[in-house]
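A.B. asks: Here's the letter readout for the chains.
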Amino acid sequence: MKLNRRVFVGTGMAAASTLSAPMVHAASHGKPKVVVVGGGAGGATAARYIAKDSAGEIDVTLIEPTRTYYTCFFSNLYIGGFRDLNSIAHSYGKLASEYGINVVHDWATGVDRDAKTVSLAGGGSVPYDRLILSPGIDFVEGSVPGWDLSAQNAMPHAYKAGSQTELLKAQIMAMPEGGTYVMVAPPNPYRCPPGPYERISMVAHVLKETNPTAKIIIADPKEKFSKQALFEEGWQKHYTGMVERIGPDFGGGNVTVDPAAMTVNIDGEVVKADVVNVIPAQKAGLICDAAGLTEGNWAPVDGHSMVSRLDENIHILGDATNQGDMPKSGYSANSQAKVAAMAVRGALTGSRVFLAKFSNTCWSLIATDDGVKVGAAYEPNDEKIASVSSFVSQTGEDAALRKATYEESIGWYEGITTDMFG
Amino acid sequence: MANTAGIFVSVLGGAALVLGAAYGWTARDYRSQELAALTDRLSQLESSNAALVDQIAQGAELKEKISELEASLATALEAVEAAKTAAAAPEPPVAAPEPDTIVADATGLEFGDPSRGEEVFAQCRSCHQIGQGATDRIGPHLNGIFGRRAGAHDGFRYSDDMAMMGSDGLTWELETLNAYLENPKALVSRTRMNFAGLKDPQDRSDILAYLRQFSASPQNIPEAAPTAQAREVELSPEVLAIVGDTDYGEYLASECKTCHQQDGSDQGIPSIIQWPTEDFVVAMHAYKRQIRPHPVMQMMASRLSDEEIAALAAYFAQLE
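Read top to bottom, the protein sequences are chains A and B. Read left to right, the first sequence gives residues 204 to 625 (our numbering). Read left to right, the second sequence gives residues 399 to 718 (our numbering).
Chain A on its own, in the form it takes in the complex (with noise of 0.2 Å):
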């Protein structure tokens, strides 16, 4: 065992067991083994710090199939012109060969909660002894009538970043003069609450320059939606005229879709469309129901240690979770990985554990310099995690500050993506 700085300046208690708990390790099966499902802001996050911190006392691996990894924060400002791909590309090159995590391009397609293993799509298992899970989403099926998987290239629905997002893209600079771009927007909880939003901005921001008699309709089963007087403030004063949305009083609730012959039905009225993008309802990423550890659609979590409530032995990070009052966002899964992180570190080598602090800031861009914030601090109880204090840019910032917002939006992508990836 290889004794750290970490280890001597800790307190007695901490250092003793840090002295013993290894030990238990190493009389069963060597360095403890930790590993991390979903390669995102979540996963990433926790299989970096797991390793820098363990300093080569922990052994991580990092299941994730995509060998480029394409963050859906951002992706909506390649739609609107503002970033290419490549921008929001990350590969996992550096937390193989600067942080010696076993990087493994596979599926995880189930887990042996008994055995302790996880089991790939590829053949063979993992064994661990600490299992991390940060899936992310997928959809409720037949939550949009119509829509299914199988519809995704003529309907997309761009919400998990890459091809999709291309695709999607690609459609909107390929429509007519004059055509009409449908969003079907989904219920609560989903990922990223401004995320549809902000893609509506950044549509119309291309639409506005390539295509200016185009039209915006977005059907939205939600009465009330994130920063909403922001977004309507930004697309009355950028967009006049162009966006349209349909919300559940007026039948943006009830809504299904035929793909092959490009048409959206509101409630009754058909509407032919250009480009139709379908966010159906979501659901924790699948690996999380094959374990076993969802109560509906989402797993559920002990903010304390981001701990499963329904196996100790099993963290769940991310969009994926119910934790309380943290949106679904990169943001949180990367702030609720390094409390994840914390605690599985201290129950495997006896590192120092500190109350668990959490926090959210969502940047939005609406136009050109126009940039939007929301945020929160969060600390956790028995029941949930707590929102603490809040805060939310204002209707009618000056210029300056918005442009300012935009700017620190920037720094923070390169900042959350440094956390991620190293």
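Under the rule of at most 27 Å between Cα atoms (straight-line distance), these lysine-lysine pairs were calculated in the BS3-like manner:
| # | chain 1 | residue 1 | chain 2 | residue 2 |
| --- | --- | --- | --- | --- |
| 1 | B | 583 | A | 606 |
| 2 | B | 655 | A | 587 |
| 3 | A | 319 | A | 236 |
| 4 | B | 655 | A | 255 |
| 5 | A | 606 | B | 686 |
| 6 | A | 363 | B | 655 |
| 7 | A | 427 | A | 587 |
| 8 | A | 606 | B | 655 |
| 9 | B | 686 | A | 587 |
| 10 | B | 655 | A | 297 |
| 11 | B | 597 | A | 606 |
| 12 | A | 475 | A | 418 |
| 13 | A | 319 | A | 255 |
Per the computed footprint, the stretches of chain B lying under chain A, defined by three or more beta-carbons under 8 Å from a beta-carbon of chain A, are:
| # | segment |
| --- | --- |
| 14 | 665-676 |
| 15 | 686-696 |
These are calculated hints, taken from the structure and not from any lab test. Glycine included, each C-beta is placed from N, C-alpha and C at the ideal position.
Chain B: place on chain A using the hints.
C.D. replies: Coordinates of chain B only, in the frame set by chain A:
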């Protein structure tokens, strides 16, 4: 001039004639061609002449305006002198900056009003000290900045870019400081000075006049209290004396690193590494008490205890 041009064209025409003859063209062809060229040239000259006449007329108007402005300037100056005399008369002269510190240099930039510059400098004080006893803080102290080579003040850790600009020969003079203050990152692209810049030329010339007072003759640095700087927030000695737990700071800092880059780079979000711990503590308490305005930072600081702030300050101060 018109004649010279005409002659030149004729000479060219002659030369063409010779060449043309060699290729079997007739003299008559050349004459008509020469005539066409001359006609063209004439009409060009006529139009440029007309433009010149216009300009001369405009020049005369401008001259008239200038002399009008000079007259009103002289009147204004007289009024200012009179006011100064009236104001100064009842009291003995105060220790004002020497008038000879206000000079123009060859670039046409000028030093402005140092007392107004002191007010403008208020926004710099959270990072820079100046005056007797000034020490390096988040930024280097600015005594003797004029004539100092960039990135060359001993004991301060500059960004690589700033150090390189210094070794490439950048020296702080009126012109270079003026450019740096207007847009720091335009001059030194990866400077750690996270400041958008002073866009108003008057602000810059005033602040440079203020800075200059601490450079012109360092032995006579004004007493005017720059070191007795009031903190943004009043903190008890006990709070300032808390020794931060760097391990705890490292955990708490993981939240900061979502936005603030660990390598000290800054893009839209300032670098917070290697700050003197006291400056860090004061800044965080200023957010906590909502004296500093940034909403994200107010939220972050609002739930940090004195010990947690000290732990963060200790951790970030020692980060390489």
